[in-house]
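To convert a position in the sequence shown, counted from 1, into the numbering used here, add 9.
Calculated from the structure, these hints are not laboratory results.
All of these numbers come straight from a predicted model, not from anything done at the bench.
Mixed in with the good hints there might be a few duds.
[As the list claims (entries may be wrong)] Pairs of lysine-lysine residues, derived as DSSO-like cross-links and limited to a Cα-Cα distance of at most 30 Å, are as follows:
#1 K169 with K301
#2 K301 with K89
#3 K185 with K89
#4 K169 with K185
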Amino acid sequence: PPPRHRQHGSAPGCAARTGLARIARDRPDGPRDAMESSNGGAAAMAWGSALGITAVYVGSLYLWPEVPSEGRNHPRTVRKRFASLAGACAAACVPVMRVITASPVPEAVARAGVTPPASLAAALGVAPRPMAAATSTAASLALAAALFLGPLTHHAIDNKLGSRFGRALRLDDSLKLRDYVVAPLAEEFAFRACVIGVLAWSGSCTVASCVFLSPMCFGAAHLHHFRELRRTRGLGAAGVIIGAQFAYTAAFGWFAAFTFLRTGHLCGPVAAHSFCNVMGLPDLGGALGHRKKGVIVGAYVVGIAAFIAGLWPATDPRLHPGSAWDDLVAVGRAAGGRGGG
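Turn these sequences into a full structure, and let the hints guide you.
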């Protein structure tokens, strides 16, 4: 007689297969949902770390008891803040170290087939690689100089360019040391190397998000000046100044984040930061009222055009031996980001 067919579900393991089929039918994107949930948790932790770095950095400035007779520019206050900033920068390394030594590696990093940095120095862009430091510095300074071609021309016409940089290079007081050395080093280390290191190597952000969103932490770190400005300038003026400062620092942060990610070394952003601090905000009113307005305005236009045209070629990762741009683009795409490159 012909063999009897088994009833559906009577074969060994059939019930298990039926249950799995039901799960697949009810949740067809189950594995993807799990991955997205994992990425979401990693992103929340990474952004929490970024905000924590910001809070510790700003908090370190107020670690010392306030002396009513000494403002933020008093030499004693400045020197004390140097010490506390060193501690804040050391603390900012901790979440980066946790990310690059995580076991297993972050899911997006594994899916991209990318190897995390071999050392904390490499992840932070401070590895002792002279060529990487040199190319990053040259590209970043050239782009910053192009962007400031108008102000540079203005100062040159007024015979003030040499004296401006000459005074800055004479680090003969604590304020110059703060503005041109310590602040650029500490801020770029904390807000570029550490914040971006956590966000990028955890797979929490595409490179585009790192460029445009991480500077919000940098801008927020300057809001604490509102307290002192309100006392010395009044509420309205303090609000205007802080708003302009936030916009300026965020805009510079976009540039610094981009050059850091593209060149892979922190020397470039630090050099550009120092240069911008020496130059200060452009004097647009003075330029428009100058006797050689046409020349100065023309320099502004040419400089901005050169900056835009040179931004991508000057930071081409093939020119920068320290760059991890391609790896980080791959990590961002593996995490499900779009427009990461």
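Here's how the hints hold up against the structure:
1. K169 with K301: Measuring from Cα to Cα gives roughly 15 Å; hence the hint holds.
2. K301 with K89: violated (45 Å)
3. K185 with K89: holds (15 Å)
4. K169 with K185: Measuring from Cα to Cα gives roughly 18 Å; hence the hint holds.
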